Amino acid sequence: MSKLILAIPSKGRLEEAAAEIFAKAGLTLKRDGARGYTGSLPDLDEVLVEYVSAGDIAARLAEGSVHMGITGEDLLREEIPDMESAVQLCLPLGFGQADVIVAIPDGWVDVTTMFDLADVAAEYRARHGRLMRVASKYEHLTYDYFIRHGVEFQWLPSFGATEAAPNSGAAEAIVDITSTGATLKANNLRVLEDGVILKSQANLAAALKADWSAEARRVAKRILAQISAMQAGEKMMELKFTAPAPP
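Straight run, no breaks: the sequence shown in our numbering ends on number 259.
Since the hints were made in silico from the structure, they are not lab data.
It should be emphasised that the depicted structure is a prediction, and the values quoted were computed from it without experimental measurement.
Nothing false has been slipped in among the hints.
Derived DSSO-like pairs: lysine-lysine, alpha-carbon spacing no greater than 30 Å straight-line: (1) Lys211 x Lys36; (2) Lys247 x Lys211; (3) Lys23 x Lys221; (4) Lys221 x Lys233; (5) Lys15 x Lys42; (6) Lys23 x Lys36; (7) Lys233 x Lys15; (8) Lys15 x Lys221; (9) Lys15 x Lys36; (10) Lys211 x Lys197; (11) Lys42 x Lys233; (12) Lys23 x Lys211; (13) Lys36 x Lys233; (14) Lys149 x Lys197.
Please put together the full structure from these sequences, using the hints given.
Structure, rendered in structure tokens:
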């Protein structure tokens, strides 16, 4: 009998948070050694766990070599063109929350929207004879969003310290991911009013191209049901805790 293959982030906060949420749902993840790349769910013998980098999980889901996986929605939408045809977002997990945003220098006081940025980009091209540069690791998300808003630009690949690009003169604007905005503020950048491209978080996703046997579907439904029930229970406890006392 072939097993359901579940891809879990191999390190860092995403791995820890995934293990925590599965444990709360009564599905303890057991890794084969501290640095092993396989594991199991002792309560579900029908599952093979594979530990994969968060970025590679998106690719594995797209090709259907795993049945389910946990990764950020930003990575799924960046790495998989026409994501909805290859992957189904089954369950938001409530961790890894961050926004993919468009940020510009604080000094651009008259620029508050993408419409304004389109005007700046046109003026920049007329003045300098080249396109305004936008630094980002998100090539596809950036192109899609900027083209929809009529902004001419040149994508500048940036896979680290993207917030420093405008100050260093490497780019005029950035598209990056942020959770608190503190790093943006420290680099004298601000988010455009309509500059939130995506509000992302970790999701449990299913691969539509995987080989879904009846048994794999049954196991997937059980995993989703247990996590959903745990999340519903936590929300109920939170409501009870925050409900105002009767007069």
